[in-house]
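**Q** Sequence lines, in order, name chains A and B.
Be aware that the first sequence starts at 1, since it is given in our numbering, and climbs by one per residue.
Be aware that the second sequence starts at 1, since it is given in our numbering, and climbs by one per residue.
Treat the hints with caution; some may be incorrect.
Note: identical chains are not told apart, hence a pair may lie in one copy or across any two.
Only pairs whose alpha carbons sit at most 20 Å apart, straight line, appear in this in silico SDA-like list of lysine to any residue [claimed, not checked]:
no.	residue 1	residue 2
1	K119	E193
2	K117	P70
3	K120	T186
4	K117	A92
5	K117	L130
6	K117	L150
7	K117	A38
8	K117	T145
9	K120	D32
10	K119	E129
11	K119	A93
12	K120	V110
13	K117	A89
14	K119	R222
15	K117	E129
16	K120	A163
17	K168	G112
18	K120	E214
19	K168	A138
20	K117	A226
21	K117	V78
22	K119	P14
23	K168	A67
24	K168	S183
Worth flagging that the hints you see were computed from the coordinates, not collected in a lab.
2 protein chains.
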Amino acid sequence: RIIAAIESMLGQGPLSGRRVLVTSGPTHEPIDPVRYIANRSSGAQGAALAGALAELGAEVIFVTGPATVPPPAGVRVVAVESARDMEQAVGAALPVDAAVFAAAVADWRVSGAATRKIKKSREGLPTLELAENPDILAGVAQMQTGRPRLVVGFAAETDDMVAHATAKRARKGCDWIVANDVSTETGIMGGTENAVTLITGEGAESWPRMTKTEVARRLAERIARALG
Amino acid sequence: RIIAAIESMLGQGPLSGRRVLVTSGPTHEPIDPVRYIANRSSGAQGAALAGALAELGAEVIFVTGPATVPPPAGVRVVAVESARDMEQAVGAALPVDAAVFAAAVADWRVSGAATRKIKKSREGLPTLELAENPDILAGVAQMQTGRPRLVVGFAAETDDMVAHATAKRARKGCDWIVANDVSTETGIMGGTENAVTLITGEGAESWPRMTKTEVARRLAERIARALG
């Protein structure tokens, strides 16, 4: 680690000269000025990964939703709130050599969010009409020109993890999927450890349970090797 | 303040021997294991109020949703997540001399929250069916026996503040409403200052804009006077 930090300072890490985009954290989708839909993502794995990539010498653009974990040192932080904000920030960060989408982007937003606080009314319950959010991962993975050489998605699953994540990789057109099981009983969501399975073109590779920092280092090294 | 702290330690504050309940923070209403509906409440005003009441010698039971501001020293903290959790914790805290409901409780929860993560499907968008949450303030304010002598509600409004808050006081059956304007341009939501209007049986009393700590001290003193 110390050697990596020194190499990074000297501009000699394996990723020096490379631009890498990392998205992280949840997104918040407004319902009205005081209510929103959110995801239970602390942003811990994304922040650790961005830090590990920076330690290997990469220039990291860190696009983060409202996370509970602070961003790491040595990265360029772009703070966003909603999925649409995040899509814009990602577009502005391109071109990059590698893009890692660790954010837990809301699949849906509330269409026509109210500009005034919705009052309880006698006419009954309001209906939340949902609209599909932009698919940021697929958008970048399927770029015709200027596509990053390596596009990595994340998949938080509660059942059938490998099958769901493998299908997700094909559907999105990305190179790798980092899958994990976020069932409540695993304690991974909001915890310090993670047990991931890396889905690549060669199949599924299950890593032992380790700290999110260690997962981040191993992933950063794999990214460095892939970029060559 | 030093005198108040010393008096409180000696059990001599104006609220010594009084039990006061304060609810604070947002509630999180689960949609599925990874998604939830939340409110933009930092819990700052509730935490400041609980601290100010403890400084005046009260035994404070602080029932708090997932707030971003830490709870104050010297209070008994009961951490909850959803509105229904909060209702239970409030019931368990009774009887009290005064109850202050500063929490931004979600009006609605998602009925039949999913136990598995909802997948994006080809069949279109999911519909979020909402159910009304328990009205904790009204429930306590309208107790037939064992009602706290003073029941205080909060009203976060974005328009017609005094009219809405006065109607809320009558509808809920509480003694006071602390109303504030949380329109984005006021910067109150998430900020350190607050401009409140106190609605009592005598009418509306607008307080100048001051820090949330100062609002808390003034309110705590008013509560001490009301309990006599």
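**Q** Each hint: holds or not?
**A** Do the hints match the structure? See the list:
1. K119 / E193: neither (41 Å within a copy, 25 Å between copies)
2. K117 / P70: Neither: 30 Å inside a copy, 26 Å across copies.
3. K120 / T186: neither (38 Å within a copy, 23 Å between copies)
4. K117 / A92: So K117 and A92 fail the 20 Å test inside a copy (32 Å) and across (31 Å) alike.
5. K117 / L130: Cα proximity of K117 and L130: in one copy and across copies (18 Å, 16 Å).
6. K117 / L150: neither (43 Å within a copy, 28 Å between copies)
7. K117 / A38: both (18 Å within a copy, 13 Å between copies)
8. K117 / T145: Cα proximity of K117 and T145: none, with 43 Å in one copy and 34 Å across.
9. K120 / D32: within (13 Å within a copy, 24 Å between copies)
10. K119 / E129: both (17 Å within a copy, 17 Å between copies)
11. K119 / A93: Intra 39 Å, inter 29 Å, cutoff 20 Å: neither.
12. K120 / V110: Intra 18 Å, inter 15 Å, cutoff 20 Å: intra and inter.
13. K117 / A89: So K117 and A89 fail the 20 Å test inside a copy (28 Å) and across (27 Å) alike.
14. K119 / R222: neither (51 Å within a copy, 29 Å between copies)
15. K117 / E129: both (16 Å within a copy, 19 Å between copies)
16. K120 / A163: between (43 Å within a copy, 15 Å between copies)
17. K168 / G112: Cα proximity of K168 and G112: none, with 29 Å in one copy and 27 Å across.
18. K120 / E214: neither (48 Å within a copy, 31 Å between copies)
19. K168 / A138: within (10 Å within a copy, 47 Å between copies)
20. K117 / A226: Classified as neither: same-chain Cα gap 49 Å, cross-chain 32 Å, threshold 20 Å.
21. K117 / V78: This pair counts as neither: shortest intra-copy Cα distance 28 Å, inter-copy 28 Å.
22. K119 / P14: Close neither inside one copy (56 Å) nor across copies (38 Å); limit 20 Å.
23. K168 / A67: neither (24 Å within a copy, 34 Å between copies)
24. K168 / S183: within (18 Å within a copy, 40 Å between copies)
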